[in-house]
Amino acid sequence: MSEAAEQVRMIDLDPETTPIEDIDVSQRELWSENKKWDWFRRLRKDAPVHFCQDSEAGPYWSVTRYADIMEVENNWQVFSSDPTIVIDDPDEDFELPMFIAMDPPKHDDQRKTVQGVVAPANLKVLESTIRSRVQNILDSLPVGETFNWVDRVSIELTTQMLATLFDFPFEDRRKLTRWSDVATGGPETGIVESEEQRREELYECLEYFQRLWAEREDTEGGNDLISMLAHGESTKDMDPQEYLGNLVLLIVGGNDTTRNSISGGVLALNENPGEYAKLRNNPAVIPNMVSEIIRWVTPLAHMRRTALSDYTLGGQEIKAGDKVVMWYVSGNRDETAIDRPDEFIIDRPRARQHLSFGFGVHRCMGNRLAEMQLRILWEEIQKRFHMVEVVGDPVRVPSNFVHGFTDLPVKLHPL
Amino acid sequence: MPKITYIEHDGTEHVIDAELGTTVMNAALDNLVPGIDADCGGECSCATCHVMVDPAWTATVGGPGETEESMLDLNPERQDNSRLSCQIPVTDNLDGLVVQLPEFQF
Chain A
0 MSEAAEQVRM
10 IDLDPETTPI
20 EDIDVSQREL
30 WSENKKWDWF
40 RRLRKDAPVH
50 FCQDSEAGPY
60 WSVTRYADIM
70 EVENNWQVFS
80 SDPTIVIDDP
90 DEDFELPMFI
100 AMDPPKHDDQ
110 RKTVQGVVAP
120 ANLKVLESTI
130 RSRVQNILDS
140 LPVGETFNWV
150 DRVSIELTTQ
160 MLATLFDFPF
170 EDRRKLTRWS
180 DVATGGPETG
190 IVESEEQRRE
200 ELYECLEYFQ
210 RLWAEREDTE
220 GGNDLISMLA
230 HGESTKDMDP
240 QEYLGNLVLL
250 IVGGNDTTRN
260 SISGGVLALN
270 ENPGEYAKLR
280 NNPAVIPNMV
290 SEIIRWVTPL
300 AHMRRTALSD
310 YTLGGQEIKA
320 GDKVVMWYVS
330 GNRDETAIDR
340 PDEFIIDRPR
350 ARQHLSFGFG
360 VHRCMGNRLA
370 EMQLRILWEE
380 IQKRFHMVEV
390 VGDPVRVPSN
400 FVHGFTDLPV
410 KLHPL
Chain B
0 MPKITYIEHD
10 GTEHVIDAEL
20 GTTVMNAALD
30 NLVPGIDADC
40 GGECSCATCH
50 VMVDPAWTAT
60 VGGPGETEES
70 MLDLNPERQD
80 NSRLSCQIPV
90 TDNLDGLVVQ
100 LPEFQF
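Heads up: the protein sequence lines correspond to chains A and B, in order. Under numbering that gives the first Met the number 0, the residue at position 299 of the first sequence is numbered 298, and the numbers go up by one with no gaps. Under numbering that gives the first Met the number 0, the residue at position 9 of the second sequence is numbered 8, and the numbers go up by one with no gaps.
Calculated from the structure, these hints are not laboratory results. Hints should not be assumed to be uniformly reliable.
Okay, the calculated bits of chain A under chain B, using three or more residues with CB under 8 Å as the criterion [stated by the list, open to error]:
#1 66 to 74
#2 106 to 119
#3 357 to 368
Residues of chain B clear of chain A, computed beta-carbon distances all greater than 10 Å [stated by the list, open to error]:
#4 Asp29
#5 Asn30
#6 Ala58
Bear in mind the structure is a predicted one, so any value in this text is a computation, not a measurement. Ideal Cβ positions, reconstructed from N, Cα and C, are used throughout, including at glycine.
Bound-form chain A, shown alone (with noise of 0.2 Å):
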């Protein structure tokens, strides 16, 4: 970390007048505080391919249009995944390899090993265990009284659904949430006190995940992402440190994700009543609202690339070696690409049209999980209540990466 980065808070500054270059969009307090929505709006107008020289995470490019983000999405020969795809470096003595985080060809075979399990035909089995899972949380929930609707709906929903695609022990299962916020969360967050007690978490959860490989390993036919992977020609042969990664990928990606957009959809409804009454009197409209929440909470902010060889982007000369941050949370209001982009509107055309699954080769393999999920959800609210009210405020996760909240206090209104 730089002292000049230190030095200047965003959040301080407007983003109309201040010099282009100044612009770092990546800094926490603009993602705990809410406040990068004009930050962005600026680069797409003025840089939308646009240098930042210094930051908590280095120099990186950002990349904040719709169209130019598709560029650099469909070129994963120059754009690599390699060796991560977040903002922040990896740890050099504590390197997670995972296969996001990887180019074809071994990307491809370590995804296609574990893919059919969110793969559609397999999530027609899943609906009905779904459906009274959403029942069960659902008539659980206090009528009346408020609650924070992130754990008790939210993170809930979520955790029961990944326990069940890796057949973890179901009483355990919160541990899957804790070690999905560990890993997404350093010291800076205060999910955790230090980076040791980071490690030591995320090792705990690869013994645990490591007896359940040796317990599976010798089973054939197990439909479980655990079994899979112990049985997979790509994957069978994995160091602990790969393991590990993998399982991260794996958790992180069901948990973090649609978490994000059940908690963001409850919010984006009341600050729009008008939509929430469109959904109130057309409950066909859920399967087209769940893509437009998707877009409008965007549950992961970027994804980061790095260049292999020089290229020229939007006028631009990206250098070899250089960071490439992809802003979805910023192509999915660009006024260039999307009709009335600030705009939540759950009958909106073209729905599906957004960035938040990205796209190329490492476009979300869950995709049609988290639809699913969320549709029976809206599915299930709706025969239950008239409103979910939003009585606080929300508290938003400080980071550039994953986009969403701890908190969201709300009321339930009975039918």
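Once you have looked at the hints, place chain B on chain A.
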């Protein structure tokens, strides 16, 4: 205008007149044929416009290109005659084309 037949997984047929110069994907969207999501809008980047070309037509339509192949390869429901319909331009040669739609887009 070339006629194209889309057959849904349940056997429902949709016969449409496609404009020359469009793609098999856009022809489906323009004529409200269900079962093609086209999330990326025709950029060969999402594989949600997956179709299986009728065996009588595979030689005329041809096989996938390199980028298309890399996207199809990640689809567990991929068949030998699979194509991404955004990558098939509508030409006079394709008058009468028949494509099957998969049960799910992924």
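For each hint given before, does the structure comply? Return the numbers of the non-compliant ones in rising order.
As far as the earlier hints go, not one is violated by this structure.
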